[in-house]
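Novice: Taken in sequence, the protein lines are chains W and S. Following the numbering used here, the numbering of the first sequence begins with 1 at its first residue and continues without gaps. Following the numbering used here, the numbering of the second sequence begins with 1001 at its first residue and continues without gaps.
It is possible that part of the hints are untrue.
Said to hold, decoys possible - In silico lysine-lysine, DSS-like type, Cα no more than 27 Å apart, as pairs: (1) W:6 with S:1154; (2) S:1154 with W:9; (3) W:140 with W:6; (4) S:1030 with S:1075; (5) W:155 with S:1268; (6) W:6 with W:82; (7) S:1392 with S:1185; (8) W:375 with S:1098; (9) S:1305 with S:1337; (10) W:68 with W:82; (11) S:1063 with W:375; (12) W:375 with S:1068; (13) S:1337 with S:1392; (14) S:1155 with W:140; (15) W:382 with W:186; (16) S:1059 with W:375; (17) W:98 with W:72; (18) S:1262 with W:154; (19) S:1262 with W:155; (20) S:1155 with W:253; (21) S:1390 with W:212; (22) W:154 with S:1134; (23) W:212 with S:1185; (24) S:1155 with W:155; (25) S:1134 with S:1006; (26) W:155 with S:1009; (27) S:1155 with W:9; (28) W:212 with S:1140; (29) S:1185 with W:185; (30) W:253 with S:1154; (31) S:1155 with W:68; (32) S:1392 with S:1186; (33) W:390 with W:212; (34) S:1257 with W:155; (35) W:262 with S:1154; (36) W:154 with S:1154; (37) W:186 with S:1212; (38) W:257 with S:1154; (39) S:1268 with S:1082; (40) W:305 with W:320.
Hints were generated in silico from the structure; no laboratory data involved.
There are 2 protein chains.
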Amino acid sequence: MRTYIKDLKEHIGKTVSISGWVDVRRDQGKMIFLDFRDMTGIVQGVILPNYTETIEVGKTLRKEFAVKVEGKVNKRPERNIKEGILNGDLELEIMEIKVLSEAAPLPFDISLNGYNLELTTELDNRAIVLRQPKIQAIFKIEETVIDSFREFMKKNMFFEFQAPSMVPATAEGGAEVFQIDYFGKKAFLSQSPQLYKQIVMSAFERCFSVNKVFRAEPSSTTRHLTEIVSLDAEMAFIESWTDVRDMAENTVKYILKQVAEKNAEHLKLLGVELPTMIEKTPTLSLREVQQRIFEKFGRDVRGEKDTNAQDEREICEIIKEETGSDFVFIYGYPTRKKPFYVYPNPEEPEYNEGMDLICRGVEWLSGGRRINDSKQLEEHVKLWNMDPSKVKMFLEAFKYGVPPEGGFAFGAERITMQLLGLKNVREACMFPRDMNRIDERLTDEGY
Amino acid sequence: MRTYIKDLKEHIGKTVSISGWVDVRRDQGKMIFLDFRDMTGIVQGVILPNYTETIEVGKTLRKEFAVKVEGKVNKRPERNIKEGILNGDLELEIMEIKVLSEAAPLPFDISLNGYNLELTTELDNRAIVLRQPKIQAIFKIEETVIDSFREFMKKNMFFEFQAPSMVPATAEGGAEVFQIDYFGKKAFLSQSPQLYKQIVMSAFERCFSVNKVFRAEPSSTTRHLTEIVSLDAEMAFIESWTDVRDMAENTVKYILKQVAEKNAEHLKLLGVELPTMIEKTPTLSLREVQQRIFEKFGRDVRGEKDTNAQDEREICEIIKEETGSDFVFIYGYPTRKKPFYVYPNPEEPEYNEGMDLICRGVEWLSGGRRINDSKQLEEHVKLWNMDPSKVKMFLEAFKYGVPPEGGFAFGAERITMQLLGLKNVREACMFPRDMNRIDERLTDEGY
Chain W
1 MRTYIKDLKE HIGKTVSISG WVDVRRDQGK MIFLDFRDMT GIVQGVILPN YTETIEVGKT
61 LRKEFAVKVE GKVNKRPERN IKEGILNGDL ELEIMEIKVL SEAAPLPFDI SLNGYNLELT
121 TELDNRAIVL RQPKIQAIFK IEETVIDSFR EFMKKNMFFE FQAPSMVPAT AEGGAEVFQI
181 DYFGKKAFLS QSPQLYKQIV MSAFERCFSV NKVFRAEPSS TTRHLTEIVS LDAEMAFIES
241 WTDVRDMAEN TVKYILKQVA EKNAEHLKLL GVELPTMIEK TPTLSLREVQ QRIFEKFGRD
301 VRGEKDTNAQ DEREICEIIK EETGSDFVFI YGYPTRKKPF YVYPNPEEPE YNEGMDLICR
361 GVEWLSGGRR INDSKQLEEH VKLWNMDPSK VKMFLEAFKY GVPPEGGFAF GAERITMQLL
421 GLKNVREACM FPRDMNRIDE RLTDEGY
Chain S
1001 MRTYIKDLKE HIGKTVSISG WVDVRRDQGK MIFLDFRDMT GIVQGVILPN YTETIEVGKT
1061 LRKEFAVKVE GKVNKRPERN IKEGILNGDL ELEIMEIKVL SEAAPLPFDI SLNGYNLELT
1121 TELDNRAIVL RQPKIQAIFK IEETVIDSFR EFMKKNMFFE FQAPSMVPAT AEGGAEVFQI
1181 DYFGKKAFLS QSPQLYKQIV MSAFERCFSV NKVFRAEPSS TTRHLTEIVS LDAEMAFIES
1241 WTDVRDMAEN TVKYILKQVA EKNAEHLKLL GVELPTMIEK TPTLSLREVQ QRIFEKFGRD
1301 VRGEKDTNAQ DEREICEIIK EETGSDFVFI YGYPTRKKPF YVYPNPEEPE YNEGMDLICR
1361 GVEWLSGGRR INDSKQLEEH VKLWNMDPSK VKMFLEAFKY GVPPEGGFAF GAERITMQLL
1421 GLKNVREACM FPRDMNRIDE RLTDEGY
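Just chain W, with the same shape it has in the complex:
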């Protein structure tokens, strides 16, 4: 009967069997110290000189050997207790070690403090590097990000659906879409579940999806991946676009809270401090943002159609100083600069009710109110020079009573990157795909 390493404290004085990997081996005179690791934690063990056969096995072990170990759980003497770490107060007196699988010598150091690889080398050696504790911490946090998005959605009665990855020729498409050979015909990889989630919303009222989206932009910046996990939500019967903003704000707040609670150890390991979301995140229109930047920094971007990276950094600086908030919502972009389905402000139709959530100078999330009136949608399709036959199913849905509605979306890798202050989005993706790599390198470019 296997005991998990985290549960050893319940077996003091007893003989147990654990399974795991050799994490560290240290020979000390006639004794061998071994740290073992399983998915629940780490424990130190020692082979005393009188276990002569086990000592012989111990001498053959290297880091990452998979082993099964019989031993007695002993309290450590007072002077050897390490406070604040799992099993810091106990030690395994190793009686027998069975090697389940040998490990070749590691090509580089993957220990907590010894690890020091360039991202390119890291990705060239993905399988081994995934055993490194800080790398694991990133993906455990990303798991919490996705889980807590889902949890919050369900708490708020959103229905989860599976958005398709393969789509017919889309109206939005263009050069940035991957093409598939589909039984001799053409199909494409979905760039967004936007139209699907609006269709599902029209029937289920509130819906969300956690699905892959694909971007064929031929650029290889620190923020680009060709395959992304998109977290998407859509809700009907809103009174105003601010209902969507509030839902988005509360979603991000919930995610931050869950990560802080569930991944405290991982955050400590990574040395990360999470951004601050205050009670009510400030909301400014694009024009207000531009005016504030002009007033504060004398830089005149008034009249620009969108924010650029510098604007986003500066407005975050202003808001942080004033309110303590790391976050700010910006809304009210020029209608014609955004997709056809974004709702124009009825009182000032050249500006829309789309919004972005910016944190520490970078975009976290986008969304807003959508057009729900069938005729207005059809007009926009024409105005945007789109082929209505390519959004037929979508337009069909809106003929049968779709109330005021909106939604939002964000990328799991991007938000994990930004939550943790990582320099490259590839660090927040277990198997990143880009122009230069799909597992294997496609080109000689590094990162």
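Assemble the complex: chain W is given as a structure, and chain S must be docked to it using the hints.
Specialist: Positioned in the frame of chain W, the structure of chain S alone reads:
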């Protein structure tokens, strides 16, 4: 302040505001009866003759109009109470109706009992049909299937990772894989996260994924989709392949229990009785299955390399009669007939420790123990005539101490189909993709 329809019972005697769709309108003399539907349920309302303005609005309403309604929640007189249904004991005295969005006349009946479409027509009209209660029930059940898989994995300390959809040329590939134009190079859509989940297991010990897989088989049977949601699990430190079987069995048991509890209403609506899983599902080797079929039916399939559809139906019949179980595990297939990574039984290496779970004559789930020894894996790669360079990252992972391990996988659509006794897997997929359709029809073939 909006009140959800399910909560109306807490507001008896009070005036509330609800939002939803017109589900039914019935004119009766000078009164108009209206059923309203939101995501939480249905309620009956009535416009009494004295609300003359509201009567005028009421006359313009059709099924699926989106409306906001002010009204008073009244108890129904004793004689009008409908037992056992939500709001069967109350009625909304409608004071005011605001039309949020008009609905065109429906092209066919989508009411609970009036709905009667061929699958082809249903898929041609997906957006509207998603409002049909039985159709919604199927996808609510599928949501529970996926959720409860995830829940059970997490209860058992499995780590969730995101398996990639786009993959480099795979060793397993061939004609059944979709090809992508990847920046002028070739990439493919993943047929299975198998190798990725084994890599992640080698670092995280237990892992699972809920991800899309893609099959380009040029066949259009009732069981084929080109895009599927695959539920995948992998676990290290097993003692025997039966540990994997037990985990798979308990996973399916948990899913059945959750669906029975959370979707009782939906199952009733669909008239479905879930299959019976007894305390311990019977397990037979392939040769035992063949022997039992021979004994019972006199049909000699002994020596065949696999089961066919008739074998699966017959062994299920035998087991059901004997034990009451709708399920049976079959293990021990010819090693060379299965993928290279399946673990051969060391005492009889021509048979492997792969397994299938069969229910009511059809396969639900596959899995088994995998080869964990690096050398044995490399030998198999050669024996299977594979190019080792195409599984490089996978083989790399196994060089560094991978303990005995195994896993299993099943498709969300297939299991939902079989749980509900649907005739076509397309009924269990919201936006099914196949040879003849990606939303739009690609050919004139029906189903």
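Novice: The structure should be examined with respect to each hint, and the outcome stated for every one.
Specialist: Outcome of the hint check:
Of the supplied pair hints, the one linking residue 6 of chain W and residue 1154 of chain S holds, its CA atoms being roughly 16 Å apart against a limit of 27 Å. At roughly 23 Å between alpha-carbon atoms, residue 1154 of chain S and residue 9 of chain W fall within 27 Å of each other, so this suggested pair holds. Taking the CA atoms of residue 140 of chain W and residue 6 of chain W, the gap is about 17 Å. The hint holds against a cut of 27 Å. For a cut-off of 27 Å, the pair hint linking residue 1030 of chain S to residue 1075 of chain S stands: about 21 Å separates their Cα positions.
Annotation: proposed proximity of residue 155 of chain W to residue 1268 of chain S holds, straight-line Cα distance about 25 Å (limit 27 Å). Distance hint between residue 6 of chain W and residue 82 of chain W is fulfilled; the C-alpha atoms sit about 15 Å from each other, no more than 27 Å. Distance restraint check for residue 1392 of chain S and residue 1185 of chain S: the Cα-Cα separation of roughly 19 Å lies within the 27 Å cut-off, and the hinted pair is therefore satisfied. The hinted pair formed by residue 375 of chain W and residue 1098 of chain S meets the criterion: a straight-line CA distance of about 19 Å does not exceed 27 Å.
A threshold of 27 Å between alpha carbons decides the hint, and for residue 1305 of chain S with residue 1337 of chain S the separation of about 7 Å falls inside it, so the pair holds. For the suggested pair residue 68 of chain W and residue 82 of chain W, the alpha carbons sit about 25 Å apart, so the restraint of at most 27 Å is met. For the suggested pair residue 1063 of chain S and residue 375 of chain W, the alpha carbons sit about 19 Å apart, so the restraint of at most 27 Å is met. Restraint check for residue 375 of chain W and residue 1068 of chain S: satisfied, since their Cα atoms lie roughly 20 Å apart, inside the 27 Å limit.
Simply put, residue 1337 of chain S and residue 1392 of chain S have alpha-carbon atoms about 23 Å apart, close enough for the 27 Å limit, and the pair holds. About 15 Å separates the Cα atoms of residue 1155 of chain S and residue 140 of chain W, which keeps this hinted pair within 27 Å; it holds. Taking the CA atoms of residue 382 of chain W and residue 186 of chain W, the gap is near 24 Å; set against the 27 Å cutoff, the hint holds. Restraint check for residue 1059 of chain S and residue 375 of chain W: the C-alpha separation of about 23 Å stays at or below 27 Å, so the hint holds.
Taking the CA atoms of residue 98 of chain W and residue 72 of chain W, the gap is about 15 Å. The hint holds against a cut of 27 Å. The straight-line distance between the Cα atoms of residue 1262 of chain S and residue 154 of chain W is roughly 14 Å, inside the 27 Å bound, and the hint therefore holds. Restraint check for residue 1262 of chain S and residue 155 of chain W: the C-alpha separation of about 15 Å stays at or below 27 Å, so the hint holds. For the given pair, residue 1155 of chain S sits about 25 Å from residue 253 of chain W by alpha-carbon distance, which is consistent with the 27 Å threshold.
Straight-line distance between C-alpha atoms of residue 1390 of chain S and residue 212 of chain W comes to about 24 Å, which keeps the hinted pair within the 27 Å bound. At most 27 Å may separate the alpha-carbon atoms for a hinted pair to count; residue 154 of chain W and residue 1134 of chain S meet this at roughly 21 Å. This hinted pair checks out: residue 212 of chain W and residue 1185 of chain S have alpha carbons roughly 21 Å apart, not beyond 27 Å. Restraint check for residue 1155 of chain S and residue 155 of chain W: the C-alpha separation of about 20 Å stays at or below 27 Å, so the hint holds.
Between the alpha carbons of residue 1134 of chain S and residue 1006 of chain S the distance comes to roughly 19 Å, so the proposed pair stays at or under 27 Å and holds. A distance of roughly 21 Å separates the Cα atoms of residue 155 of chain W and residue 1009 of chain S; the hinted pair therefore holds under the 27 Å criterion. As the CA atoms of residue 1155 of chain S and residue 9 of chain W are separated by approximately 21 Å, the hinted pair is consistent with the 27 Å bound. Between the alpha carbons of residue 212 of chain W and residue 1140 of chain S the distance comes to roughly 21 Å, so the proposed pair stays at or under 27 Å and holds.
For the hint linking residue 1185 of chain S to residue 185 of chain W, the alpha-carbon distance of about 19 Å falls within 27 Å, and the restraint holds. Between residue 253 of chain W and residue 1154 of chain S the alpha-carbon distance is near 23 Å, which keeps this suggested pair within the 27 Å criterion. Taken as a hint, the residue 1155 of chain S and residue 68 of chain W pair is honoured in the structure, with Cα atoms around 24 Å apart against an allowance of 27 Å. Using a Cα cut-off of 27 Å, the hinted pair residue 1392 of chain S and residue 1186 of chain S holds, with the two alpha carbons roughly 18 Å apart.
Annotation: proposed proximity of residue 390 of chain W to residue 212 of chain W holds, straight-line Cα distance about 21 Å (limit 27 Å). Proposed proximity of residue 1257 of chain S and residue 155 of chain W is supported: the alpha carbons are some 21 Å apart, at most 27 Å. A hinted pair counts as satisfied when its Cα atoms are at most 27 Å apart, and residue 262 of chain W with residue 1154 of chain S qualifies at roughly 14 Å. Between residue 154 of chain W and residue 1154 of chain S the alpha-carbon distance is near 17 Å, which keeps this suggested pair within the 27 Å criterion.
Distance check on the hinted pair: residue 186 of chain W and residue 1212 of chain S sit about 19 Å apart at the alpha-carbon level, within 27 Å; holds. Of the pairs offered as hints, the one joining residue 257 of chain W and residue 1154 of chain S holds, with about 20 Å between alpha carbons and a cut-off of 27 Å not exceeded. For the given pair, residue 1268 of chain S sits about 17 Å from residue 1082 of chain S by alpha-carbon distance, which is consistent with the 27 Å threshold. Restraint check for residue 305 of chain W and residue 320 of chain W: satisfied, since their Cα atoms lie roughly 24 Å apart, inside the 27 Å limit.
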